[in-house]
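Visitor: Which chain is which? The protein sequence lines are A and B, in order. For the record, in the first sequence the residue sitting at position 221 is 221 according to the numbering used here, with numbers rising by one throughout. For the numbering used here, count along the second sequence from 1 and bump the result up by 1000.
Derived from the structure by calculation, the hints contain no laboratory data. The structure displayed is predicted, hence computed values, not measured ones.
Think about it this way: if two alpha-carbon atoms lie no more than 25 Å apart in a straight line, the pair counts; the simulated DSS-like pairs of lysine-lysine are:
(1) K122/A / K225/A
(2) K288/A / K1131/B
(3) K1131/B / K225/A
(4) K1304/B / K1129/B
(5) K10/A / K1129/B
(6) K1304/B / K122/A
(7) K5/A / K1129/B
(8) K212/A / K289/A
Each chain is listed here by its residues.
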Amino acid sequence: MEDLKNFIDKVGYPRLIIGGFLLILCILAAVLAIPIPGLLGDILTRVGMNGILVLAMVPAIQAGAGLNFALPLGIVCGLIGALISIEFKLGGFTGFITALLVAIPLSAIAGYFYGQMLNRIKGQEMTVGTYVGFSVVSGMCIFWLLAPFRSPELIWAYGGTGLRVTVSLESTIDKVLNNFLSFSIAGVRVPTGLLAFFALCCFAVWLFGKTKSGAIMNAAGANEKFAIATGINVNQQRILGIVLSTVLAAIGIIVYSQSFGFLQLYNAPLYSAFPAVAAVLIGGASIKKATISHVIIGTFLFQALLVVSLPVINILADGSMSEVIRIIISNGIILYALTRKTGGDLT
Amino acid sequence: MDSNAVLQKIKDRNQSFGEWAFKLIVPIVFIGLCGIGYHFSELPFIFVLNEVIIRLARNSFLVISLIIPVIAGMGLNFGIVLGAMAGQIALIFIANYSLEGLGGLLIAVLVSTPVAIVFGYLVGLVLNKAKGKEMITSMILGFFANGLYQLVFLLFAGTIIPFKKEGLLLSTGVGLRNSVDLAGVRYALDDIYKYRPDAFPMLTIPVVTLLVVALLCVTLTFFTKTKLGQEMRAVGQNMHIAQVAGINVDRTRIMAVIISTVLAAWGQIIFLQNIGTLNTYGSHEQVGLFAVASLLIGGASVSKATYKQALLGTFLFHMLFIISPMAGQNIMNDSQIGEFFRVFVAYGVIGLALLLHAWQSKGKKQSLKSS
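Chain B on its own, in the form it takes in the complex (with noise of 0.2 Å):
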């Protein structure tokens, strides 16, 4: 073995253990933040463990829709705003016709696919226009679907639209209500089977819920290793190689992002069913932010993501949640600063994760220039 094949080998292992201890750093990192918060909020343990399992429950579907892309190497797809869009136009729609319980709720995820497989697609097209830039681009793409959601439903509804249940206009007759209540569907999920557990009265666990988030992973483990998943794998590593090796790639990474949406349209009706009300116009918006986030302090990177650090990611993230305005208060004296620093951890970690990325790729691009 000649001295530079040496060297080599030593470089890719200081860059695989670079990545390696990034990859463990941030959710230790967040494992003790959670804990020191933990141990300042003075919460008890069960009312803390109920509530990051509900959190887990509801918002994890969202979390791992966000995966495909990153495999396809799309890197984090932001456009998942498009498809919470269309859930929550499912949901509309069945609030509309007072469709109730879990057969409402199925016809809601029946409503929604195909809703989503047009925006998905439609953000495939953008995303496949602004190679390098995929990131910024679909988080554009969100803010722009925002406003053009917004002008439906505030113009559109009620006069071209036409709607049938009453309550659900502005007495103006034009335009969606702020909130639309979803009392018909609501924990028609969660209620299906919820365990209580004798020795912990508090505690309430939503097993369907759980289990479809399961059933969410393995299929997705499953797919992976599908032809389709294959390839998105290898136009993931390199849209050239894999552009020679016959794959389409234009159309691979369609797929993928039709798929992220689709999961996100569902991952949204999960969300709401427990939530109960929508809120029409506000629902959506932070979505993509809150799902990074939590896919990013699992210690997923943009070209790297398992469905185990989504699970991991979500219940930190969570857990940082409920546990940060009461530690604010105890600590601070002030329950805003944990308010604050909350968001300023999900817009930090994604920071960070974003910077570090741009950093490794492109001394992994310079090594390969002089190589």
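Pulled out of the complex, with its shape left as it was, chain A reads as follows (with noise of 0.2 Å):
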């Protein structure tokens, strides 16, 4: 009994909980012969998709300031990068660098104001952080209608104004990382260059945290009160996590968005935040506390979760059923994490 629940303590309810429902879900699969090769290539591809976006989470929580749910703000970032790539009608390699070499700047200023005014409202920055994000989201909706951009690939073809809602990326950067050395192997189709990519960002962001300067970053994190007393600049380090925070989040839409072949505006990003921050506390993060090794858990564990549920639940009952479930789950997640006494209060 002392055994077991040393387990539960160590694993987590959430990482148990959906773990289980996972393997269910999977012998369900087997049972109903689905095939399996096709559900782990769309496994992978949508770690790899997903995953920058969570990862996001981490220097946000490492610097003490929470779950960062105003990741739409880094998003728009992205998905200005994205755009102007396009309109100087950039494909590939060079459309997705300029995307990111655009995006990367755009999101640091954004992410640096906006860490600037999380830190004059310390211990509110979740919910402030949630309307900041619905606003930037919206706002940026009139952006979008009035923004100068001529390309035929972006704008209507005829009547209306502004950009489309849904821009395809077919001619310019559609799955530029997804079929990068992409091979397949017993009928599973391996997007090696999405999965090298992010390999790559969370190796970064862990380098990082080895560094001196994430070092202190940590430090200010874990405790606002010490950190003072060592002599860190609690508000600068915060600053810098919400500016890492933010510029991956920027990285991340763009991976994600050419890996799904369209850039969704307008309201798309509304809720982007939701799935990110679930899946970093199924991985068995906290509001205080967050490793690469939970993003990379939580990010399979909840894509997973989502692929296989879907042809299951599509023979099992009806369609739209696996989008409720999504809904469940994740804000089941979060809210479990917030009631929490060990998720603790942020001041």
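From these two lone chains plus the hints, build me the complex, please.
Guide: Listed below in structure tokens is the structure:
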């Protein structure tokens, strides 16, 4: 009994429940004879697609700013980067890198100001952040409508003003990472470039954590009073964490879009923070602590669950159920983290 | 009086001036916006007035349901979404039994109340576990409950929950249709007595609905004077002191949420009897957002709200709703801009209010520490 309790404490309820649920779904999938290689390929792609957005949670949590619900802030910067690269008709890797080069400074600036703001409202980051994210997305709707883009790829073919709701990337950066060095093994298609890029980002964040400035940021986030006593400028470290998080979000959406094949504008990024938050929490992170392994485990569990549940539920029940299950799981997990005592107050 | 006390007094005055200014500035800005928008929309005055009155009648109840948790120090209760769900469950119930007219509506109110009490109790329990993070928690709770609600009505309706009436379920026999026709109770409350002034033939005023809202305002004022109301105020000001004073803090907070949820359920019933069709999977989603934005536009803050602010805010917010598409059309040649602007205003004003509140309360905490 004691061992079992220790085991549960160590793994954590979220991971255990989601893992168990996934296992049941996998067994069901096997029973229903759903082709496994296709599912595996989908899981790999979606882990790479969503991984960087989930990774964006890590610096913010480490710097002590809690779950970054203002992820859309970085996402719109990433979208602007991608739009500019399309406007100049840049395709393939040139387009991808241009998009990154435009998006990174933009998101760093946005993150800097957002960080300044969060320093004035310590303890309420998550509530305020959620609405900052919502406001940014809805404010950008007006921008998309008025933005002076001219490329026929971006604007409506005839009639209507502003950018399209979804911009196809087919002639530009569609699947540049996915197809890079991609190969098939036993029917499973491995998006090598995508996974490698995700791994690279994870490695960069991990490496940053090992450097001196990373260690200082962690210290500032772990215990503010102690950090002040040792002479760390906590506010500066928090801004650093937010900037990193926002930049990762911008990179994340570009990677996501190139894999998805479309840029989704207007209200599409509105709820984008919630799946990312849920994934990192499923991985075992809390409001105060998150590591790279939490990101990888969480993204894998969450995306695998979504991928496997879709065909299984399609056979067993109505198709829209898988969306419902996604809503219940992701919000249930966030709720669990918020109400946990050790999940703790940020103040 | 020593210099420290004088300094403190000046500080207090500055702070209260800041709060006072914010309380006025937000409504003034929105009155200005509405004025400009009204001018450019070129809509006839009576039309706008008529629309605003209809919307005021159907939305105020929901907005006012937010006030009690604010008094109890729990911030803006985004969990009224659950109350709205309770109201909708009751409406689906009466639609299933083909209950009509005012009687049907009253039965809906009766059915919704116990459901809302249970929901409110559960929300209260969760929020007591997340003190200091009530707003984000209640919001996520709303999303979560929405998932469960969809699960129940998509999968259980017709399989576990029997439905009598034809046409309520999807053709497969499982899951509720996207929209439920509420023709039986449509305008049941509004139509009891509608005042049509002779001078303005386009104007119709749903007197009874407005009276119900007025009654709620009076009751609310009375309620804050009762023992429970005073306890809520005490809990809202300082949980620890209230605890020491012998108030059961957790219980009081749960009571506040239950009242709010029940009011929201009734509010949603009033809202939908005016609309006439229930969008099964969508009617409740925006309830929290629009109600909270309305309250804040009226000049309320996260820690202070009155029914006057709620009414003023509802008036201004819905005025903006009516005029912004036309104003956008006339100014920018695109009615979509008005739509987007309106949504941006809803989110933006909530963000701004939360930001200012967090900023202020942090300032207070620090001045407490240093003194």
